[in-house]
Structures are given as C-alpha cells and as structure tokens.
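Enquirer: With chain E's structure known, arrange chains U, V, W and D with the ligands on it following the hints.
Residue numbers (the working numbering), protein chains in the order written: chain E, 1 to 260; chain U, 1 to 260; chain V, 1 to 322; chain W, 1 to 403; chain D, 1 to 403.
Please note that a few of the clues may not be correct.
[As the list claims (entries may be wrong)] With the C-beta cut set under 8 Å, the calculated list includes, among others, these residues of chain E facing chain U:
id: 1; residue: 58
id: 2; residue: 149
id: 3; residue: 205
id: 4; residue: 249
Quick caveat, the hints were computed from the structure, so don't treat them as lab data.
Small disclaimer: the values here were computed from a predicted structure and weren't measured.
Note that beta-carbon positions come from the ideal geometry of N, C-alpha and C, so glycine has one too.
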Amino acid sequence: MKPLIEMRGVSKAFGGVHAVEDVDVDLYPGEVVAVLGHNGAGKSTLMKMLAGAYRRDTGTVLVDGNPAELSSPAEAFDLGIETIHQTLALADNLDASANLFLGREIAWRVGPFKIMDSAQMRDHAAKVINQLNPRFTNLNTPCRDLSGGQRQTIAIARAIHFEARVLIMDEPTAALGPHETAMVGELIRELKAKGIGIFLISHDMHDVFDLADRLVVMKNGQVVGSAKKDDVTQDEVLGMIILGKCPPNAEPGPGARVSQ
Amino acid sequence: MKPLIEMRGVSKAFGGVHAVEDVDVDLYPGEVVAVLGHNGAGKSTLMKMLAGAYRRDTGTVLVDGNPAELSSPAEAFDLGIETIHQTLALADNLDASANLFLGREIAWRVGPFKIMDSAQMRDHAAKVINQLNPRFTNLNTPCRDLSGGQRQTIAIARAIHFEARVLIMDEPTAALGPHETAMVGELIRELKAKGIGIFLISHDMHDVFDLADRLVVMKNGQVVGSAKKDDVTQDEVLGMIILGKCPPNAEPGPGARVSQ
Amino acid sequence: ADITVGMSWANYQEERWKIDESGLRAGLEEAGAELVTADAQSSNERQASDIDGLLARGVDVLLIVAWDSEAIIPSVERALAEGVPVIAYERQIEYPGVYYVAFDPVEVGRIQARELVRAQPKGDYVIIKGSPTDQYAHYVLTGQKEIIDPLIANGDITIVGEQWTDGWVPDNAQKNMENILTAVNDKVDAVLASNDGTAGGVVAALTSVGLEGIPVSGQDGDIAALNRIALGTQTVTAWKDARELGRLGAKVALELAKGTAPEDIEGSVVWDKGPKGTAQNASVLAPVTITHENLDVVVDADWISKEDLCAGVTENAPAACN
Amino acid sequence: MTTETLEPPSLAEPTNKRGFNVRTLSLVGLLVVIAVTFHFLSGGLFLSARNLYNLVVQTSVVAILACGMTLVIVTRNIDLSVGSVLGCVGMVIALLQIEIFPQDAAWNWPLTVAIGIGLGALIGAWHGVWIAYFGVPSFVVTLGGLLIFRGAAFEVAQGKTLAPFDPVYRLFGGGIDGALGVGPSWALFAIIMVLYGLGEVLVHRRQMRLGFDSTVRTKLLRFLAVFVVAAAFVATMNSYMKPRSDIGRGIPVPALVLLSVVLFMEFVTRFTTFGRYIFAIGGNIEAARLNGIPTRRTVLKVFIAMGVLCAIAAVVTTARLNAGTSSTGELLELSAIAAAVIGGASLSGGRGTIAGAVVGALIIQSLESGMVLIGASSSQRMVAIGLVLMVAVLADKYLSGEE
Amino acid sequence: MTTETLEPPSLAEPTNKRGFNVRTLSLVGLLVVIAVTFHFLSGGLFLSARNLYNLVVQTSVVAILACGMTLVIVTRNIDLSVGSVLGCVGMVIALLQIEIFPQDAAWNWPLTVAIGIGLGALIGAWHGVWIAYFGVPSFVVTLGGLLIFRGAAFEVAQGKTLAPFDPVYRLFGGGIDGALGVGPSWALFAIIMVLYGLGEVLVHRRQMRLGFDSTVRTKLLRFLAVFVVAAAFVATMNSYMKPRSDIGRGIPVPALVLLSVVLFMEFVTRFTTFGRYIFAIGGNIEAARLNGIPTRRTVLKVFIAMGVLCAIAAVVTTARLNAGTSSTGELLELSAIAAAVIGGASLSGGRGTIAGAVVGALIIQSLESGMVLIGASSSQRMVAIGLVLMVAVLADKYLSGEE
Ligand SMILES: Nc1ncnc2c1ncn2[C@@H]1O[C@H](COP(=O)(O)OP(=O)(O)OP(=O)(O)O)[C@@H](O)[C@H]1O
Ligand SMILES: Nc1ncnc2c1ncn2[C@@H]1O[C@H](COP(=O)(O)OP(=O)(O)OP(=O)(O)O)[C@@H](O)[C@H]1O
Ligand SMILES: [Mg+2]
Ligand SMILES: [Mg+2]
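Here chain E stands alone, though its shape is the one from the complex (with noise of 0.2 Å):
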C-alpha cells in the first residue's frame, strides 16, 4: 500500500532552539500513528508543518507520492489534512457553529460576495457537537464563556465534520470528560475503518495503547524511534520517551541514545 504523507528530513529552528531535527515519518491509509514525546519535544511543531501552519526550514514531505509545498493552512486542507491544534484555534468572540465552519462556511455565492448559510451551518453543528457530547447546549455561547473541554470539543467537531483524509490530532482529549473521551475513541476507530490516517499525539498511554497501531518517540526535536504497537511494551515506550533508549524491536532513529 501507498503511504498517505511520507515526511523526509524535516527540521524546524527557532532562533537556537532546534524545535524539530532531521525527522522521518510515514502515515498509510488506515492507520493511526502515536506521536509521543516529553514536553517540548517537538511534537506539536513537527505536526505544524504538516498542517501548513508553520513553514519547514529543510525536508520534504510527500502526500500520496506527490511533493507537497504546505506553504498554508489553506493548502494542507485542499490536500485533505484536517488538525486539531493543540491551542484549539478558536476565535473567542464568535460562538461554537461559526468557529466550526471557520474559513468553510456553507455558502451561496452572489456576485463577489458568498451568502452564509446560518440555518444550515447551525443545523449541521448542533448535530456533530451533540455526536461528541450531548450536554453541550449553549450553541450561541461565544467561545470565551465556554469550559475548557466544550470548546476542545468544538476543535475536534471541526476536524471531523470536514471529511478528512489525513487527520492529525494534538492531544485531541487532554481536557475531555471521561465519556468525551471515550466516544473520541470510539470515532477515531470509526474513522480509521473509513481508511482515514491519523496522527495522534497524547501522554496518555492507555489511550495510546488502545488506539495506536504505531508508535513515534520524540526527544529534543529528534525522533528516537518507531515501533509497532505490538512490539513494545507499555515500560519500553516509557523508556523512549525518558531516557531515549530504544528497544530491540523498535525501529531507532537519530535521536536515540547510541551507547547504554
């Protein structure tokens, strides 16, 4: 099988900080990869890029054998690339369907102008929000009152309602409720049996372990290794991401410690 992306050398500076280094990842149709990492290991930057949202100072990225520029968040969704950052991209001021439909409004358009479809937008919203948590309500609430896990629901409600082909998500439920989280779960095998590939970063092992069908350790910007979920244990990922020790059944990387 053809992979989806394929990321070859791909580095990131700020300043002096070597926020990402030389990294090579693949991502096939189907399949969910892991990203884990300590805090600062570039994980969140590394899937940045692939989202558009900051550009690579070296590497390439291939999105289904062919080179892809990302030169803009525009462009990674044209390639079918939907995130879930980290910082939730929602503008405050305005409330949870029209964040949803942010910059993809269900439209008309009239001359130079595009007519929004508020009814409809307002319709389909309420129905993707109430697939992830029933109790969200206050669909007319701008973002700024919302709680915390509301408006990461709000964030994980966009990515999916756009039919994605590539789907990176940046600790999609660090701040949902246990059942959030778990009909998160529940969608992301769901959209994995649509053969949607899926990046997902977490610190949460259990999920991780759960969902994952393979797994990328990052440390200080480099990749340490990768490994099929099987093939490590719960200890030996942990060892990877700590001290950057990789196992005899992962794959190293650059980042991996050489001598023990």
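Expert: This is chains U, V, W and D with the ligands only, laid out in the frame that chain E set:
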C-alpha cells in the same frame, strides 16, 4: 479535625446558565479531594470562586472556620489558597521566572518603589521548574513561544512555590508528558504529607484513584454525591459522572438522580 | 546667491500664502537673492523649531508670519541675538527692533463690518469667527467690534449668534451656521464671516434655506469668493493684494540685509497701534474693499480672470462682467 | 432543537429576546435622552423637523466614515488617514470637474465621481498592502497617510478653493433641492418595508423547515418597531418645508447615501463570509490563519472598503459645501473613530456593529448641534461634549448590562 | 546554570549577545541613516553642533510625552489627551505666574511649577479613575479629555496669550542661557559614568554569587559604547557657542529634564514591580488579575504618571515659548503616540521600551527639522515625512529580524 475549607450553598449563574448551584464541599488538612464531572459541569467555576477569581452569587465559604469574602485573588492568597487555573493564567509576553513570581516578586522596598531582585527570582525559578521538568531550559523565552506542557509546568511551579495551605489544581497534568505527570503525582503526595489540603480536578480516573482521598462528582452545576475513594469503584464513579446515579456507599447531593 | 532670506509661515494651507510667496520670490529673484521657507502648520512649537532651522541655514534676514505674536518672541530674540534682522510679516510682533510689514488686520475687520452695516444698517447679525486659537482671528474681531459695538449699544444691531470656527475649516463654519439658523428660525439679516473660506461655508448654509443673498463678509479675495460677490451671494471681501505685500516684504528684507537702517527704508512709518503700543518701524498697506460695484479692480490687477470671476453669472451682472 | 431565535451570531453581542442587539438599543436610549434634554434646553428647537433634517445631513459624512472605521477597528486596526483621504479625493474631484473637464458636459459629474471612488479604492489598497502584506502597524501606516494625503490635497490645486460644482452633483450635498420630495420618500419607504417583510418571511420559512423554533410573534413585533420608526422618520423629513413654500423636502440625498451604505455594510457584516472573516480576524488572528482564512487579503479588502467610503464621504462633503478646499475633512478621523467606539467597537478587536457606529455618529453630532442651538461658546462646547461622551459610554455600559 | 547574560526579562524583547535590545539598536541605525542623508542633502548642516543642539531641545517635549505614552500603550490603553492637558496645565502655570502671583517673588516660579505638576497628576488621576475603575475605554475617556482640557485651556484666560515668564523659569526652555555650560556638563558626564560603572560592577558581583555565567567582556564593551556616545554628545553640546561669543553652551536644560525622565522611567520599567505589572497587564490582563496584581490601581498610576509628564512637558514648552497660549500642544498626542509606536510599542499591549520611544521621537523630529534644512515646501514635507515614517518602521521590522 477542623476542616480547612467549608463551602455551603454556593451558587453562580452567568446570564441564564446556572454554572454552579447550591454546592456544599469540605476540605480537610492533608486531604486530596478530587472534583469530577462532565465537561461544563461547573468544576472550574466552583474553584474560581474559591480562588477569588469570580464572586459567588450566594452561599458562604468558611476558611479555618471563619467566613471569608474571597472577593479577589489577593484575598485568597492571603488566606493561603493557591490555584493552578485551567487557563494557566500566564502573561504570554513574560518569561518563566517573571510569570512564576507574578504579583509576588522578590523585591526590596525603596521609598514608594519595590525594586525586584531579578537574579534571585531567576535562581529560584530555575530550581522549582527543574524539580518538575529537568529538560526545561529556555527560561528566558517569553511564554508565548513555549510548548503546551512547558506552559503548564510554569503554572504548577508557581502554585507550589508559595507555600499554600490549600491548593487548587484544575486539570494540572492535562498537557504534561508521562514523566512530568508522574513527578506531579509525587509532588501531590509530598504536599499532602505536609498537611496541605488539595482540590484536584482531573478527568483521568487512574490519577484520581491513585491520589485522591475523597471524590466529589458534579453534574450540570450540582453535586451528584461525594464518597471516600475506598468506598466506591471506578465504574460507580463513572456512573455518577455520566448518569448522575449516586451509589449506596456515597453520600448523595442535590444533583443525584432520585428514581432509578 | 549672496543674500538668503528666510520665511517662517504660520500655516501655509491657504490659498493666499501661495500668492504672497510668489510676490516675495519675484521680488527677491530680481535682486538675485534666495528664499527659503518653512511652514509651522498652526503650531507655536513647530514655528520655534522652524526658525531654529532657518537660522541654522544661515539666513541673512528673517520674515515671520507669527502663529502667536507672544510665543514667537523667544525665537525673535534668538534671531536678533545672532544679528539677523526680523520682519513681522502680516501679523504684528510687538518687539523693539522688529520691522512690521502688513495689511492692517484690524482694518480688515473694520472693512467687513463697515460694508455689512452699509448694506444692512439694522437687524440681526451673526458672527462666524475664525479659529479660536489663532491670534489673527482675534485682531479681525477687534476691527469688527470697533464698528458694530456702537450700533449694538444703540440697539440697531443685535448679535443673534456667534461661533468660532475650529481651524478655519469651511465645513465647520457651515455646520455652525446651519445650527444658528435653526436656533433663530432663519431670522438673520447679515453674517460677519471672518474670511472667504468660512464665508463659503456660511453661503452654503444660507443657500440650503433659501437665504442666499443676505449680506456676508469675507477677506483675502479668494477666487471662489470673488465669484460669489459677482453672483451676489457675498457682499464684501477685504482684498489684500498679497503679491504686493510679498514684493514689499522682499524690498524691506533686501534693504535690511544690506544694512540699511530701518527708519531709512522708503515708505517706513512709525507704528504704535498694537495692543502694547510698542513703537516700531513699519510699512503698512491698507486692504482694499471689494464689493459688487468695484470688481473691476481685481480684474484689472490681474488677480482673477474675467472668466473665473463671472462664471455662472446671469442676472444682475456686475460691471466687471460686461 | 434550540429555543433561541436564529440571529446572525457573528457579531457575538448579547441580543435580547426580540433579537435586537442590547448594546445598540441602550445607545438609542441614550440618544433619546440627549435629544430630549436639548429639546428642553433649546426651548423646543432640537426636535423640530428642521433641526432633525439638518442633523441627519450633518451626521451623514461622519456616519459613512464610521461604518468603514468599524470594520477597520474590528480587525484590530485603526485608520487615522480618513480625513486626509477625504480631503484629497474631494480636491481631485473638484479639480477634474471644475478645471479639467468641460463644465457643461453631462458626463462630467458621473465620471468624476467614478474616478474619485476609484482613487479612494486605490488609496485604501495602498494602506492595506502596507498593513496586511508588509506588516507595518496600521497606526504608523495611516499616520503616514494622514500626512501624505493632506499634503497631496494641497498640491492638487496649490491650496486654491475650487468652486462651483455641477448643479446635479450638488444634490449629493442635500442642499435646497437635495432631497427626494414627499411622494418619492413615501414610495421608497413602502418598497423597503415590503422587501424587509418578505425577507423575514423567507428566513422564517427556512428556519421552520430546519426545525428551529422561531416564534412569529417576535418577528412581528420587530417588524412593527422598524415600521413605526421608519414611518416617523419619513414623516418628519417630509414635514420640513422648502423655504417660503409648503413643499415638503423629504429624505435628503446624503441620508439616502448613508442608508445605502448602512444597509450594504449590515448585509456584509451579518450575512457574508467576508463579514465573518473580519470578526474572526479580530477575535484571534492566529486562529483565523490556522483555519485557512486569507487574513491578509481580508484586511486588504477592509482598507479598500474604507477608501471607497472616504471617497463617498468626499462627494457628500464637497457637494454640500459646493467647493473643494484643501482643509476639507481635517480632524474627521477623530470623529469617525469616536463614533465607532461609542457605537461599541472595541479597539482590542473582534467587536463592533454598523448600527452602533451610526448611532454613535448621531450622538456626537447631536451634541455638537445641540450646544450651538443653546448658544454655548466653542470652549464650553468642547468641555460639555467631552463630558457627555464619557458619561454616555459609561451609562451605555451599565444599561446594556455589561459588567 | 544558564549561559545567557542576566538582563531584565520583563520587556520580553529580543536582546543580542551584548544584552542590547535588538529593536532599539536597529532604530538607532535608522536614525543614523536619516541623519547622514540629511547631512548630505543639506550641504553639511544637519550634523553641525548647532543643529544637533536644536534637535535635542526640539525633541525633548515629544520625547518626555512618549515615555509616558509607552507605559500607557504597554497596558493596552491610549492617551489622546496629552496635547490638551499640556496646553491646559501650561495656561494655568502662566496665569498663576504672570497674572495672579506677584511677578517678582522668588517663590513664584517654583510654586507654580509645583502646582502645575499637581494639576497634571490630578488630571491623570481623573482619566485613570474613569478607565480603570469605571471601565470606560481609554480611547473615549481621553478623547473626552482632549476636548475638555483644550476647552479649559481656552477658558483659563479666555484665549489670551500670557507672557512673559520669570527669567529663571525660562531656563527650562533651553533658550540662550538655558544650558549647563561647559564645565558642569563634563562634571555631570563624569558623575553619571561613575555611577553607571559602579552599578554594573555591583550587579555583576551579585550575579557571580548566584552562579550565573555573566561575562565581564560583554559588560565592558557595553560600558565603553555608552561612554563614547555620551562623551561625544557632551562634546558636541559644548562646542555650540553662545551667539557672537566663544562661550560653549553645554547640555541644554530641556535635555537634562528629558534625561532625568528617561533614567527614572527606565528604572521603573526594568527594575520595579510596578514596571513588571505594567507589562503583565498588557500581556494578559486576566492572568494579571488572577495572580493578584492590583490591575486597576496599576493602570490608575500609569495615567497619573502620564499626567505628571504632561505637566513637565508643559513647563518646558511654555518656558521655551516664553508664553502661555491656548493652542499650545495641539496635535502633540499624535507625535507622542507615533514616537512610542515607532519605538516599538505595540498597540495590542505588552510591548514597548522607553529608549525606543526616545529614539522614535528623535526620528520624527529629525525628519521635521531636516526637511526645513533642505528647504522642502510644506506639502512636500508632509508627504516625505509620511513616507519615511512608513519605510522606517518597515526597515526596522526587517533589520531587527522580526519575521
Ligand atoms: N464567563 C462565563 N460566561 C458565561 N458562561 C460561562 C462562563 N464561564 C463558564 N460558563 C458556563 O458555565 C458552565 C460551567 O463551566 P465550567 O468551566 O465551570 O465547566 P467545567 O466543569 O470546568 O468543564 P471542563 O471539564 O470542560 O473544564 C459551562 O456551561 C460554561 O459554558
Ligand atoms: N514560536 C516559537 N518560537 C520559539 N520557540 C518555539 C516556538 N514554538 C515552539 N518553540 C519551542 O520548540 C520546542 C518544541 O515545542 P513543541 O510545542 O513542538 O513541543 P511539544 O512536543 O508539542 O510539547 P508539549 O507536549 O508540551 O505540547 C519547545 O522547546 C518550544 O519552546
Ligand atoms: Mg505540543
Ligand atoms: Mg474546567
């Protein structure tokens, strides 16, 4: 033993939304009380009232048995109540040490001015933060350029640095890596041993059962019930959170489903 | 050029200063002198800086149109201390040793009031004053009051409305006039407007209630204002042939730069009619009263083309348009 | 599904049960208080048909600018150049119409207006490119514009005052003939009311189909309110007679221009994606960018719109004065910004309404005119207006239940 | 522990390896470019001692205001009233000193200055209370102040110009005698350098004790740079002679006033908790509040400081003009805000430096003066200054490595 905090009949509404309704909660010295509930249940709102960030509409709060107004964060600090807010409450343009000491800088009073001892603050900050995350080196970077977990680390460091008697932790480990999360768990145990009372909001059942002594579950702004950790099972707690069903071993609150 | 003459304008954003400058420049160029200018844009602070700059450029003589006749004095002192003669141009600076070249501003006010009173000896007057922060507006007002105060005292004239015009901006004058008209329910017989710009605003306001044609004053002899006089919607403008003043300024400047004693300059008189009564050497021109009757004066002086003057004039054409 | 009425949510402002914006309603209340106060202080002059007619005409220029300024402020920018741009465009129109093109040609005024609007758009684009693409703060860019275009306004005709304009052009200024007349005013009223009613019915039917609970009573009440206010307005304008006649004037042309601008801008901000993007950018520009909104293009368009509105305002101003002067529009930027801010636009972005800006402009002009009517001197006027502005915004804050 | 030098971090601006603020350095570079350009265009006049002396005096008022404006802007507010407050305080000082108090009393000028500063603080407090405690947007409050205090400035003496001031008072204006003289200028230079050197040594020792890696070389280089620039400045001021004499003038008094203000404000923003709170409020006012910072009191104090600075600027201006006029300070608010913004203050809050504001003021004044020196016409001057401002900020953006 006398409770550190007694909340009685506390309510708060935003426009038409009853975020918190008639809540009674106690906290004893050396006790960890987990506050649980679905997204938008009112957990953060309840804690913000205790932190002096919101004024309650009705109800009384006793600290050490004395009624407390709690009309401002400064008042809460004076009573020894420290908070890690869900929103972290960081000034994005300042760096880690400035944020850590924000509002309570180390300074010499000279006439009408307080001259900050930056060197000292930097020194302390480095120590406290290192204790939580040894990999956190960019202490001079403005917070806006830090990763999600690094930001959370600063907020936690701040709350523990000023020796509190009551510590409110609103989803303190949501963005933390596994290692960092473990260190926070360690920390909670240490503080507990020192007789500090802790409110812990978390969606992670593992953490909760690991760390808490007692659980309080909220639903739609009301208390479903509270129970000693050892008296209930994880499934029972999930039932409380999702269905609002209070098990026999727990003490029911006004939000418990009566029938069924 | 062997002689450099500096000119500090108070504010240049008006039609007439351009004309002053052309006169000044013509007069200086004939003598091979150079002119350098600066515009203070209605600010004392900026004018002080401008004069510093002009002195730094090494001018031999300095002409000043003062935005404020008191606040300019430290700058004058600086110039005199460096041995640079100072000419107060158009606006008096009462300081010993400063030469004064001007159309008498108080006379401007008098002309305006005199002609209005002649056209409308009795009745309800409105005064649209200039910018409240401009000293010049106060001088004009003084002249106007000189004529009409006695008539107010004996009851012939009533002032039914009086407003300053921020920044001399015509739009502001228009709004003020409209509101005054509302306040007095159109019972207005004459409007003392302080210059031709504000007069334009006043006439526009009057036109919208069908009152155009009642006596309105102005000054400067703007093209648009002269056209209004021809059309009969403005009564008088106190015409100051700025070219002439410019040439006079140039002449005096050249003399002073050459070291001629002020009192020896041709046409110099001793002027002590300022508020403080300081005596100083001066060459003062009288503004010319321009009304419907003598519009030919401005045409003959090549100030305005007959075509511009008579644009749109049909009935009751002035002699100048025939 | 939801029990709320389905109002355009993009403005993110509290609305009351009838779907009116609370903030704007409380501002209208304040305007009424100011008007009634002046009415008594001026011995019954303020609420006369004549003064209201003048007020509408005098307000139109600032209100037109304030509409554009609201968009600019919502995107977290500012435009200090509007007065200068107005002056510069006005001078160019005057120069072309009076000095360059043949004065009696019928195509003269339409062409000059078109050129003026094109020039306005160009100037707006110039500012927009600097701000959106070069990333220079709008304060600096438009301060530059304030200087540049005021200087240019002078250079256009070397400071000369240019007059007179074409008689048809002058109608834009709302002078003696610059009003619709009684019959056409009522006709326009009828047309607008019918269209508005139809729109509400259509929206209502659509909402019913999608299962929203949209009460008929609310809509009807709102329609009636608008109907009564509009009818009162038309009746008032019609009852102000031309001088020495009993021919009613009707709606003045500047008010018509303003009305068109307001309707168009309300449409854009409430119903189009462009309007939505403006608010999203003001709320969180990074979020807007991450969601693929063309943030730079949107900001550029906002400044182009502002430039066009400056040109429209220039037409009204010069037509009204019947002259182009190089000082036209000085200090207007302050009034325009003040109107937008009083109307609820927040300089920290993401908040503001067109209707509020118009009411803000009306409040400012009512204070200006009212103080002249009661015969206050200009310095007293300044002090009083300053105080009332502050109190008005404070009162509005509490009336609208914020805080 | 860390390898960076230990600079006050509150300003959250990039600093280079020597600990200088990159943004301010690149601005200084721009200033040099502008100066050298004018020097050639004006045939060697711009960089003459005489013109530099004038430039310093001319800049002082805007620079003093810009220092306060920076604080205001950092807290995400704005102050449009500074010009009016300056005018009003100046008129009150003039009225008291010239008309009310006995003209020859020795206590006259000190008392009037004290009263003026008190009045400035009071006016600032008035604005601050409206903004911080009543929650009215600073734009509205200070727009009100702009009108109110301009009106008041007129009412104080009914628009009359008041003159002359006490001869000692006039020294504040930096006229012919308003400078320190050669000897005292060098003495002052020496004192400041010694104090600065001592301070650096003390800080260095403290940092060593806490184990920070603070290199001596960096500090030494920085000290030398400051030393050379300051010495060049004093030498230049000393080499401008009094008219027709060879007595050097020395540092002008307005520059001395500005220097005191700058040193004080740099101290406050860098080293005191008050300064830290200002930046925290601008960065995230909600976070500041949650951390127990008295946000309202802090904002109030910022506006009081602004009021005091207006009063100080009023003293310099009136002393320089030797007259109190009701128009003094008109439009100064624009220059002050522009200086702060050019100097790197961001209108969205949380960013700005005192040194930057001063350099910004110098850039603006250099453009103004330079255009006079090269003999540009008024409208050319406006166009050129507008353009250069925009280009300067753009260039600065790229030079300082921001995006
Ligand atoms: N400032 C506010 N204005 C209006 N409504 C608010 C405001 N703050 C909170 N709410 C509402 O109050 C309810 C409770 O919010 P709260 O933040 O306390 O929930 P929570 O239990 O902390 O949820 P989460 O687990 O998602 O953090 C929510 O419905 C939210 O929309
Ligand atoms: N805009 C930026 N400017 C400067 N440094 C940045 C920026 N964004 C990220 N960094 C730095 O890059 C490093 C990687 O950050 P990143 O957000 O990718 O980490 P992460 O793996 O997502 O961590 P977390 O688990 O805490 O979310 C961090 O050290 C961070 O401080
Ligand atoms: Mg991350
Ligand atoms: Mg919460």
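Enquirer: Hint by hint, work out which the structure violates, then give me just those numbers in ascending order.
Expert: The structure breaks hints 1 and 4; every other hint is satisfied.
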